[in-house]
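Q: The chain contents come next:
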Amino acid sequence: MCDIIWCKKEVNGKPCDTINYLDPYYFWNWEGTINCAECGTVYYIHMIQGFMYRGPEERDGEKPDTSPIYADKPYDGYSSYRPGVNGRTRPFQCTPRKELLGVADMVKFSIRGRPVRGWRPQPPSAGLAGSHGFKWDIAKLSPEVWEEYQKKLAAGEVKDW
Amino acid sequence: MAQDPRVTRMEELPGPKSKGEMEEFKMPYEEYCKKLFDIGKEHTKPRPLKGIRWLSCTMYIFTPHAVANLAELGAEVIKLEIPRMGEPMRHTSPFNEVYLYPFSDMRPTTGTGLGYTNANPNKYFITIDYHIPEMREVFYSLVKKSDGMTELYRPGTLDKWKMSYRYLSEINPRFIYVWGGGFGYGPKIFGGSYDILGQAHAGLASITGMHEFMGGHCSKCTNWVIDWQSGNLISCAIMAAIHHRRKTGLGTMIEFSQVQVPTRMLGHTTTMYGKFGIVRQRWGNWDTQLAVHGIILCGKSDFPDAENPQDKYDARYVMVSAFQDRDFKELCDITGLKELYEKYKAHKDRVEGEAQVEIYGALERWAADKSRSEVAKFLTDAGLLAEPVRNDREVYESPHYRERGTVRWMEDPLFGDVLVHGGYSTGLMEKTPRRINWHWRPLGADNKKIYRDLLGFPLSKIEEWYKKAYI
Amino acid sequence: MPEKRDIEINSRADTIGLMDLDVRPYPVTPPPSYEEVKSTYERRKALEFCDWAEDNLRFEKRYEKDETLTGLTVLDIGLWRLGHKFCASLFGEAGAEVVSIEPPAGDPLRKLTPFGREEYFLQNKESGEKCGMEFVNETVNTYCVTLDVETAEGREIYKKMAANVDVLIDGMPPGYMDDLGIGYRQLKELNPRMVYVWMGMMGQWGPWKDKQSKFGQWMMEPFASAANSWIHNTGLAQDLLPRGKGGDPTRPAIWLADYVAGAQGFLNALAALYWRDEQGGTGQMIEVSGAEALLDILDFDITWYGFNSSIKSRTGGWDACLNQYAWNPCKDGYMMIGGQTDKLWYNIGFCLERDDPQFGRLIHEDPLLKEMAARNALHALIKTYTLTARWLRDTNRVEAETKLLEYQVAAGPVLYIDEVCEFPHFKYRPWVYVHETDYGPLLIASSPASYQLRAPFRCKWMGRDIGYDNYEIYLRWTGMTQSAVTAMKQKGVI
Ligand SMILES: [Zn+2]
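Protein chains in written order, with the numbering used here: chain A, 27 to 187; chain B, 293 to 763; chain C, 1139 to 1632.
No wet-lab data here; the hints were simulated from the structure. Keep in mind it's a predicted model, so treat the numbers as computed, not measured. We put the CB at the ideal spot given by N, CA and C, even for glycine. Treat each hint with caution, since some may be false.
Simulated pairs of lysine-lysine, BS3-like, Cα-Cα distance not exceeding 27 Å [claimed, not checked]:
#, chain 1, residue 1, chain 2, residue 2
1, B, K723, C, K1326
2, B, K342, B, K741
3, C, K1183, B, K621
4, C, K1352, C, K1249
5, B, K454, C, K1249
6, B, K662, C, K1349
7, C, K1629, B, K337
8, C, K1508, C, K1263
9, A, K99, A, K40
Cβ-to-Cβ under 7 Å is the rule here; a few derived chain A residues that face chain B [stated by the list, open to error]:
#, residue
10, P141
11, A155
12, S157
13, S168
14, E170
Produce the complete structure using the sequences and hints provided.
A: Have a look at this one:
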């Protein structure tokens, strides 16, 4: 075991079997205690140049210095704890928004309130051999969005900047 | 300094002057510049590269950008992509979150990722499969009508298909053929390349990032700098080749390797190694040749209550510059660090490594109870140079870029409301400005326009090709 | 081999000269031979094409070929920064006649040297004059003259020179030349065909235009990179390294915006000349700022903000858009691995699982990682790179590169400059080579536009003494005789 801690702690008669990932930059040279994201068991580790020089050694009753940033369970279809799950994983604050989705964001309006074609599915609109013209006939193709836009306009929610 | 030229020198200039011209000379300089560039009227002015037609057989950022520069300058650019799939950058989006639809009507749930941005504006998009001999003939008919092309395939690939310069110059001697890739002829000729490989391989990464004693690691420029800048430099070479062709009537071949580009931009690094055997290391947010001239961390964020973590946690850095003696003295005076001025009066003393560690350390301690904007304001009020390290929101809200039109909203013909920060920002041009017409277009969006309207193929033929996935 | 010497080293100064190219020849190991490279060409059955490329594009043939911009004259005035210099150098490399104006005391950039160490100044072999390495490297094929444009005589001379040039590059603060009566709006009356390129950090107009301190100190890089979120985006996240110890926004080590703006200045000017000459246009003003030139190449960042208020965060050696596409620490430094499409992604896996079967299992089994786009999610990057670094930890850069190249994966080590200079491909091309300059032989980087069939860019000379070309240029460009130039020198005008 080195850059991961595969926790085998028995919990309710079953091994925990959770993999706690020790991300390379944070832990490349690091000493301290870290919890398992699933069962909370605290491990002491000492990493030098990415090598687990000592550990992981169980430290019952100690408060962990840190948490893994990601953990998953191979025997549970790779169910996972993503960053920032309270008491389980470390937060990752350096992100572009407070909550990241990890999947396509369905956006119909830009931040100033005008329609932008950022959602799917779109009704087919191509001509011969996939050709397109130079016009988005939004009122015809997506009347519900067009309607919503009219309401936004009326409510003064559409800005220049 | 001179007497005010706006009053006295005007009449000395040759030729009669109209009233408008007289007025122009009396304007404050800033106002004059603003009038000159006349932001927002770009499309009413001529296109400098009108009449140039370029084929873009490109992928990713590097080679597409090399052609995007030409497209912004008014050349007609046709981008050729793989049928059905398109190029990989269409499938690239930050954290898998941002796509614009449609991609093509064959794949209604797929979008084009934001990674495609800025490298493909104004282009016409067609699809073509070069593996099909019939389509190569079609390609030749495009070559005969074009000024040049840019491609990025592994060396020898297009040669096997008789699409390399050796063959194309036979059918169009004026053709300018550009290969852009990682390495070019030589031992690593077949090595693949990316921006990040250029940053890593050519020395830039080894000097960017916090110094080892600070606990730092080599850092990448998050933005794909070597792709983009290599693209710029290819465009430079293309423009030079176009000028050469005006003299000689001959096309050429350019082989351009992005992996060497960072080395060319390392300034003294290579020479210092060659002459003195010194291997330049990382020096974090400071400067190896100027002090004080670096970024300091302040104690408080400007927006502690903001929702977005970038505002909330990271609005804490200020670029401070006071390297000239008087500036440095003033900086030390007003921050209570007079003893540092006494110690490091001469620039050559304060730019030494140990001195920099001491000075920036002292400045950060001074800034420990202040916010970013407090530090910047305090220093600029004292007449020194200091600016906050800005983020994307601040760029968007900047009155500077708005007034200069270098960040602007655009109604894209197919995708709607798109915020644009490329093209216009490459430089303002008084008489032949760059312009953006569209952000990009769906895969194969111009198949009919190019295959029929330009090349004259019957619609039934185009449809047949499309069904067979030839296009 | 140089003879053996007894040397006593008491300070850094005693080491100077011990490493110079005549003592420690470059390269340390010879470049690969053609025969070795030929076998590479043959393996891919591309020998004929590769031979054609070598015959027609080789760097060594650059001098025997034509130059592109012969006949074009360029005047460059500016201090301190590299933007206008890089732009002028590109014109020089492409064959234009470029004259750079400095004040009689010289450009202060000549005095800059790493950590203030004067022993790293280069010394002109003939005259003994010293100059900083940065200045020498970024002054390629340009004539150096001196002129004090703040004097009335200086301005008259300047006007005469500007009256006949094709391009004028202005690297002075906003409005400085205009205040002197020799800016674009005055000069365009004398020379309406002139393409005038202003180049700076932020712009010559607008709320954030270039500033000077109250003592006249200029804004220099990285002010431009700080103004457009380039720096904000660069560096490691505070979640991966402590803030203040590397987990901070980070500037690029080089004066990056200068190089990008310099390239755009050159490109825009050539487009303007094309319009002038091919389409019957005139001269014009162009303004390039470093901050905006970087804004153009800021990936998709501002567009993204307009889409859903995302503010790009820094991702260190990783990339938010591609997986794998990163460097991570390895046994002897940092190793870059890239492979995004399914084919390459699995190739990486196949390679790594040979040494670490668990890698293959944990990566290839995970349903989250099966789709290309989904692999770019932040947590997917964390998992992938943690497991990759576990392999890298036991692997050095050469081993990693060798193994990954067998799987056709783009992989390369993070190289330090000594390693860059010894990297076989760099030596073969060559991308760094020894150039004989007025300062003796120097190891320099070659121009990326040197590999062309007809008119490659090239470096002929770099660096010049202050005012080295005064007599020649003032004679040819303004008709001033030797005695007139000398008189102006005595008055401090030249
Ligand atoms: Zn556990």
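Q: Can A155/A be said to touch chain B, with a Cβ gap under 7 Å?
A: holds (4 Å)
Q: Within a Cα-Cα threshold of 27 Å, do K1629/C and K337/B meet the stated pairing?
A: With Cα atoms ~46 Å apart, K1629/C and K337/B exceed 27 Å; violated.
Q: Below or equal to 27 Å on CA atoms is what counts here, so check K342/B against K741/B.
A: Answer holds: K342/B to K741/B is near 19 Å, not above 27 Å.
Q: Check whether the Cα positions of K1508/C and K1263/C lie no farther apart than 27 Å.
A: violated (63 Å)
Q: K454/B and K1249/C: Cα distance at most 27 Å?
A: violated (54 Å)
Q: So if I understand the rule, the pair passes when the alpha-carbon distance is 27 Å or less; does K99/A with K40/A pass?
A: holds (13 Å)
Q: With 7 Å as the cut and Cβ atoms as the points, is E170/A at the interface with chain B?
A: violated (15 Å)
Q: Taken at face value, is the distance from the CA of K621/B to the CA of K1183/C at most 27 Å?
A: violated (66 Å)
Q: Holds or violated: K662/B and K1349/C, Cα atoms, limit 27 Å.
A: Since the Cα atoms of K662/B and K1349/C sit roughly 24 Å apart, the hinted pair holds (cutoff 27 Å).
Q: What's the verdict on K723/B and K1326/C, does the C-alpha distance respect the 27 Å limit or exceed it?
A: Judged against 27 Å, a Cα distance of about 13 Å means the pair holds.
Q: Closer than 7 Å between Cβ atoms is the bar; does P141/A clear it against chain B? Give me holds or violated.
A: Check passed: Cβ of P141/A comes within 5 Å of chain B, closer than 7 Å.
Q: Does the interface hint hold: is S157/A within less than 7 Å of chain B, judged Cβ to Cβ?
A: holds (4 Å)
Of the hints listed earlier, those the structure fails to meet are numbers 3, 5, 7, 8, 13 and 14, in rising order.
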